[in-house]
Amino acid sequence: MTKSEAISPNQSLWARISQSKYFVYVLISPLIFILIGYVIFPMYKTFTNSVMSQEGDLTLGNYISFFTTEATIESLTNSVFISVVSVVTCTIVGVTMAFLLNRYEFPGRRILSVLVLVPMALPPLIGAISFSFLYGESGIFPRLFQSIFSLEEVPFSLDGILGVIVVHTFTMYSYSYLSASAAIRGLDMSLEEAATNLGASRFRIWRKIILPMLTPAIVASSLLVFMISMASYTAPLMFGVERTMTMQITLSRTNGNLDMAATQSFVLSIVSIAFLLLMTWYQNRRNYQNQSKGIGVHRTEVRSSLIKYISLILSIIGVVILLLPILVIGLISFAVDGEWTTQIIPTSYTLQHYIDLFTDQDTWEPIWNSIKMSTVAVIGNIIFGVAAAYAMVRYNFKGKALMDILIMVPWALPGTVVAVNLIAAFSEESIFSFNQILVGTFWILPLAYFVRQLPLVFRNSQASLIQMDQSVEEAAHSLGANWWYSFRRVVLPIIMPGILAGTLLAFVQGLTEFVASILIYTPSAMPLSVGIWNKMYSFEFGTACAYGVLQSILIIIVLLVNEKLKGDSSSTAAF
Amino acid sequence: MYMKSVTLDGITKMFGNAKGVEDINVHINSGEFFTFLGPSGCGKTTTLRMIAGFYFPTEGEIYFDQEDVTALKANKRNIGMVFQNYALFPHMTVFENIAFGLQVRKLSKEVIKEKVQKAQSFVHLEGYESRKITELSGGQQQRVALARALVIEPDILLLDEPLSNLDAKLREETRVEIKRLQVELGITTIYVTHDQHEAMAMSDRIMVMSQGEIQQIGTPQEIYNKPLNHFVASFIGESNILEGEIKEITDEHIVVDTGDNTQFKGLKENCSPNLELEEGKNVLLSIRPEIIEEGEGPNSIQGQVQLSEFSGVSINYIVKVGNKEINVMIVNSGSDVLKRGDSIKLNIPESGIYFMDDRG
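The listed protein sequences correspond, in order, to chains A and B.
Here the first sequence is numbered in UniProt numbering, starting from 1 and rising by one per residue.
Here the second sequence is numbered in UniProt numbering, starting from 1 and rising by one per residue.
Where hints are given, some of them may not hold.
Dumping the calculated DSS-like pairs for lysine-lysine here, alpha-carbon to alpha-carbon at most 27 angstroms [claimed, not checked]:
(1) A:K398 / B:K73
(2) A:K398 / B:K19
(3) B:K19 / B:K118
(4) B:K226 / B:K320
(5) B:K19 / B:K106
(6) B:K115 / A:K564
(7) B:K132 / A:K566
(8) B:K106 / B:K132
(9) B:K73 / A:K400
(10) B:K19 / A:K400
(11) B:K109 / B:K76
Bear in mind the hints are in silico, worked out from the structure with no lab data behind them.
Chain A on its own, in the form it takes in the complex:
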């Protein structure tokens, strides 16, 4: 290094710009553009649609009719009811599982603790479809019981709101389970020992120590489940519950009542954003975990042989329930289309669907479309998600808290609402679409995926950046590296596992996205999930399930890779 370079007093223009205290605003301006253009502007367009009459006057008529029409009121109460019940059932199942698997040793624990996360590998649409195959009116189990007991009609079937709640419980309890598991593992056993030592009974310890310590985790996951339930679209669609908010929005649209759809979307947005704020507020409050470090997990072994047998049987039932949905999808993916009518299970099988996936042009098309669209979206996610995360972690600027919430808004908004917003914004030319009409083109879905998955990449990158010791970056600077050099050689490689984890998740979510896709896809660029839905609609169950198996396999691969990435990054972070 030449000395003269270091002491040169006349700095370059770039150096002067990058040292200015307004430089951070230069850095975040593309993000502000993205947030305004693809989050706020579409929401605003939906809002103006909702307060504008057909003639273009300002009116509250839509909102008045929203709150006076029996159908919408019933939809709102149904959605809230379904969500509340889903929260209760998910919490009961999730917390119970978390306790059993983390605190007790019993026959079947190991296999259960692996399989407990299987529902996460099912895309929402496939989850709903599998339940209707298994327990629906013409499902395997109702038919099985009908034929065993020679009944006129099926003895039971999963239908309506009950069906929706069961599917919700199965697909969403993992949120409660993961959250409660983390909290239980963080629970310091010595607290319970201290309480026992002070003379407290088992019941008292539960009431006074364990439950209060778990409350933050339970509340956080309950808010999440509530939000996802409110946004749920596939389960009501599958079980024909038309009177929920998301279903009403699509019905209003198909009936041509666009103002009403906008109004319903906006009301649902408000509810979702309110929940996002509530969650953010709740998570920012201090909770009382992690006061002590290095807690050894201690499992109570089940000793009585009677309880051992009972727990073994229950474990087997649990394993079966957890595996059945994925097995039935696998089974039907081999079934010859149109041959399965009134039999309990399909009678003839073929490998043709899997061969078609990759050889038949029409079957391959949706897969290829989804890969292309998801890739485009993910590239955008990496660029803007990582930049946003870096700006938020490393710099302080005015409006930072607001931006933190704005980035998360697309995550809180139901897919249906995101779709309605994008249609409102981009069915005409605007500066944010570079004077193009996006609706009806290939680009609208990548944009939808980009918007919906930005929070995912952002959050993952942010988490790895926060974990990364800032002095490592300073060390690079003091060794002479400029900002770009140290970002490229030090920061990026260290946070890569986090970025990759978020990106892979975003990619498979794009591949499996259904809710927004079904509303705004362009027939010439039909995505995979819409393909599944159309095949279901035309009774080509085999092909639909083969698609579903493909999606599930991709999700499982990504989950496994992420698990590996997490392991790697934690070992480097712990040094």
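Assemble chain B onto chain A, guided by the hints.
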């Protein structure tokens, strides 16, 4: 080898409305081993980070030799820094870590290889070049950090509590090692620590800081023997601080009354320079526990043992004299250890009393 001097001229750093450091003025000589010493939150790390270029001062200027570097970016300062947690690049090997600064300087592959090898042998890490950082012990990581900082041939070496993450034995070893490297290279070194033993053992000069302000700058002997104020006296080593009123000033002596009919007579030369001598004025007396002797002698006092502690090398007593408690350290010479309640006769040599201003 020529090394740069560092001058801090009226440095103040505010964090919003909170004061980081205030009005720091110090000149660190070329080749000097200079230590910022103080409790946590005293502003020593803040000052170091301004020299490194991670913070910019709110007021004042920083000079390396004659050159004003106040606004110069960290990557243009040619400084070697060792961080408290080492801040090694976790995704790189030992070789890649040490080579990083050389690669930034665009040296050729051969030169880099040669310099890294030299640096490795300098810190006794030969053969470790392809190890991952996670496979190293704390002490080894420490040495990689040192090698990485030194290999770029910096003008100044900054060390931010480099020993605080090591266990006691390794700390001793590494301390000696760092001092050896510094002496061999003759590099201007600024060392930050809260550990007075480290500071005393290693430094040419020490700057004692508290609450963002300089308390005293001086050699270890000056700081220890002639503390400027109460804070320095009690932070550096252990000291009995007594309050009193000047009774008499003679040509060579000062007599102070500390109440309870006790008077202490000390040498006039053992006065803090900022103390104005005047009869009737309140002063503080600093008396080191190891100065106090058992038995008859000058400034003799009678007390009662409150607590006794046998440490092998010495016997430590807390002695109640009147309504004061005094710490006493007697070198173990095989005599009996007194018990609680025993009475003890002590004396303090005239040269063992140090007078300070009672402010601060």
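Which hints, by number, does the structure contradict?
3, 5, 6
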